[in-house]
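Engineer: Now for the letters of each chain:
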Amino acid sequence: MTVRPALAVRADGVTRSFAGRAVLRGLTVEIAAGEFVALLGRSGTGKSTLLRILAGLDDGYSGDVAVPERRAVVFQEPRLLPWERVGTNVRIGLRKSSQRPPATLSSLARSALNEVGLADRAGSWPGTLSGGEAQRVALARALVREPALMLLDEPFGALDALTRTRMHGLLRDLCERHHPAVLLVTHDVDEAITLADRVLVLAGGVITTDLRVPLSRPREGSQAGFHDLRTRLLAELFSTEETRD
Amino acid sequence: MTDLTASGLALPHQETAPPHQQTASPPATQPPSSPALTLVRPVPVRRRRPRAGVPRLARRITGPALVIVAWQLTCSLHVVTSVEVASPVAVLDAARELWAQDVLQANLLISLQRVAEGLLLGVAAGLLLALACGLLRVAEDLLDPVIQAARAVPILGLVPLVIIWFGVGEVPKIFLIALGCTFPIYINTYAAIRGVDNKLVEAGQVFGLSRLGLIRRVILPGALPGFLVGLRFALVGSWIVDVVAEEINAQSGLGYLINQAQTTDRTDIMFLCLAIYAIAGLLADALVRLLERALLSWRNAFRGA
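Residue numbers (the numbering used here), protein chains in the order written: chain A, 530 to 774; chain B, -7 to 297.
For reference, chain B alone in the conformation it holds in the complex (with noise of 0.2 Å):
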């Protein structure tokens, strides 16, 4: 270079060559032909952490609250009339007025009880199915195709019958709410109690486990996180059955109290029913989850991004 300059014969384009063109050029054992590669940082896909300042239980309620704004915005601008639908505020004051006269919390009360009987009658029932179907050929056979024809009957096709059977009283309400659990429970138990890993089974038979042994330390724990997926949807199926059990025959309970509002276009009350059964639900998932927490703390599962 040096030497080309001194004698005035440097070649203008091989002075100016941009010093990135010398260090892109190819390693020598590159073939010539293959193109450059762009080389980037490896991170992993799930790179974003949850925000540390926004604590959980605050990102979980923002949902339902923008539902609740919405919904509070759309009746102060008359988008709707109130006679379609009753604004929050309109439902608040409607469960101070129900509250004050001893309605509310009576019919709460009644509903709340009818759902308990049900779902523990409907789980006991679905869980000894799933339990003789799961670890016993014999019933499966038997019982299984029943189960299965009687899961796809409607069960609010049963009401009439289930009158003509019970009466008018609580046992056809409790009846049809624990038949609601009870096909949840068993399709989602029966199905995890057939899924446990063999090999699981296999190690407990060589060490010396007995079948009772096998059943309590090796099936039902690998079937529980199935029963609990089927308690999930059992505890929102009884209120669905509830509601309507009360609304086509009762005199009294939550189900009714739509019914009364209906007849006396009180579409607040309707509302505030229908928020009741929200919250009953956002209640049972979350005890779900704490059940979850407690008894699957073993798992090392997949949390989300």
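Bound conformation, chain A alone (with noise of 0.2 Å):
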């Protein structure tokens, strides 16, 4: 009998339909505390619905899910408020408390910022950021928090391949030192692969596809299983493809 780890995410039975069409039908899934749990989906499959239900941003769901209270988002875009300095996007909604005052939340943003390579642009307005450095404030935004659960909904999507593999590496820095459990939601059948413990893939509302990632780290294209593995993968997107509806 083996030990059932703690759980960072328990969704069990999620259904969620928009307009009468159901994107998720009766979705069961489950993340192990610091388990790093990549999504794969084609476009319209629902990988954001269920990432927004995790997140507390729909309660328009059927089902049983639940999640840690301290859990953090990063969104494909930064979504940092304009009119505030990036240290005080950072420190975004942390309480100020008798433990915690005010110097501390912002020596904590600074810290955080610091673990993102920005340390110095604290006091910059984020409209003066290029996308990688705005995408990397919203990465320290989320950690700044201790998240016992990340979500990330294609974070990278918009980021050049170089900035983007880049950003690939402090996230895997981020989390061996944080231990979050994250969500990665993508398309990118690579990135899933590079990242991920475990890639799970959506069609039709369900999970259809759940694989454990075996490869040592650090992960690349080259290494023997990858292609294997990517291969596998594809498959599972083309074949669901065909047999949608």
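Restricting the straight-line Cα-Cα distance to at most 20 Å, the calculated cross-link-like pairs of lysine to any residue (SDA-like) are:
hint, chain 1, residue 1, chain 2, residue 2
1, A, K625, B, L201
2, B, K191, B, L201
3, B, K191, A, E662
Quick caveat, the hints were computed from the structure, so don't treat them as lab data.
From the two separate chains plus the hints, produce the assembled complex.
Structural biologist: What follows is the structure, given as structure tokens:
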């Protein structure tokens, strides 16, 4: 008998419809604490719908969902408040308390910015950042609250290839240091294999594939086994296209 | 070539072929039929920089100054009579005369006071209504149709009614000015609140902002540019309503001065009052510009060529 690890996400029989069209149909998924899971799926399969439900942004679903109190989201766009400086953006929503006076909060924000390599931009306006920098600030904003669950909604989709590769490395480092459970929504098979402990494929409103990634880290496309995994996942994605509806 | 010349058989059309024809011959990869491309140096569309030598302020003053010069010329050259249009010089004389009699400052002050009070009340009311309707759907459903209907009623049509309600003192004038300011503030702020990017609101929610925190840190700053547009309209509108209210029913104020000037055919005084309104408008605009610069410094907006 195996010991069940602590869970960071437990979703059971989740159904969500928009205007009569069911996007999620009794979806069930579990993510262990500290586990990095990538969720693949074609456009419009409900990847973001699931993520928004887990984030607490959508309560129009039926089914059971349990997530940790401390969770953070990185969206596809940085979504920084343009009228607040970078440092203030990072510590948005952090409550001050007797243990955490404002000075502590700003030093927390500074160290989070330091981790993403932007310590010197705390006083900048978000409008002056490049796309990659802004997304790193969004990452720092997610990290600073030491989330037990990080939800990433195609966070690197809008970045150029080189910046994306750098962000992958950064994200891996941060995860190894902070050990949050991660759900990464992406449609990039290579990104999923490179980063995740486990890759899920969402199709027809349910999880159709649940593959562990047995490769050693750091991972790269030329690694043995990478190619086979990619082929399998791509085949899975294509087959779901044919069997849809 | 050499041997051709040596043999004396040089073909004239070959020898005299202009060199540019040779260099212009298309590269091998290009289909022979494609027309030659004209290449230009790439430059941005907005190429001209603001002239460094002339300060911004001087450039902004030039326009009004030209208008005044043209105005003076029109009068000096007797294109119009002095009863029709008073010249700038005559207006200055009128200003000096009324100032000496203490008439100008007293009436200007009372108008300023009415405008300030009406503006304050109107902006507050417009802001409150915009917040209520922008943030609460119940308030929107209840209030917005009423406000939209009320907005369509010409304020000047209310003057007789307001006199019946409030008599002829300060209250009806301030009420009318306030009413005139409420609508532009309301319309613009309300639209701006509803125009705040929902993605930012969601981000605020995800990162644990309370409802009050969302309003204070996301919605209000996001609506600020719209509010400032409304404030511009309100500042101008307040003067317009003020002069009308004073012309119809007042014993003091710039509007009253204009009315008095009409009975004595003092065109110069009329123009003086109009000039004061114009200057007040300019100052009000400058005030909002200052506010914008202070409050919207985060904006990385297009500043014009």
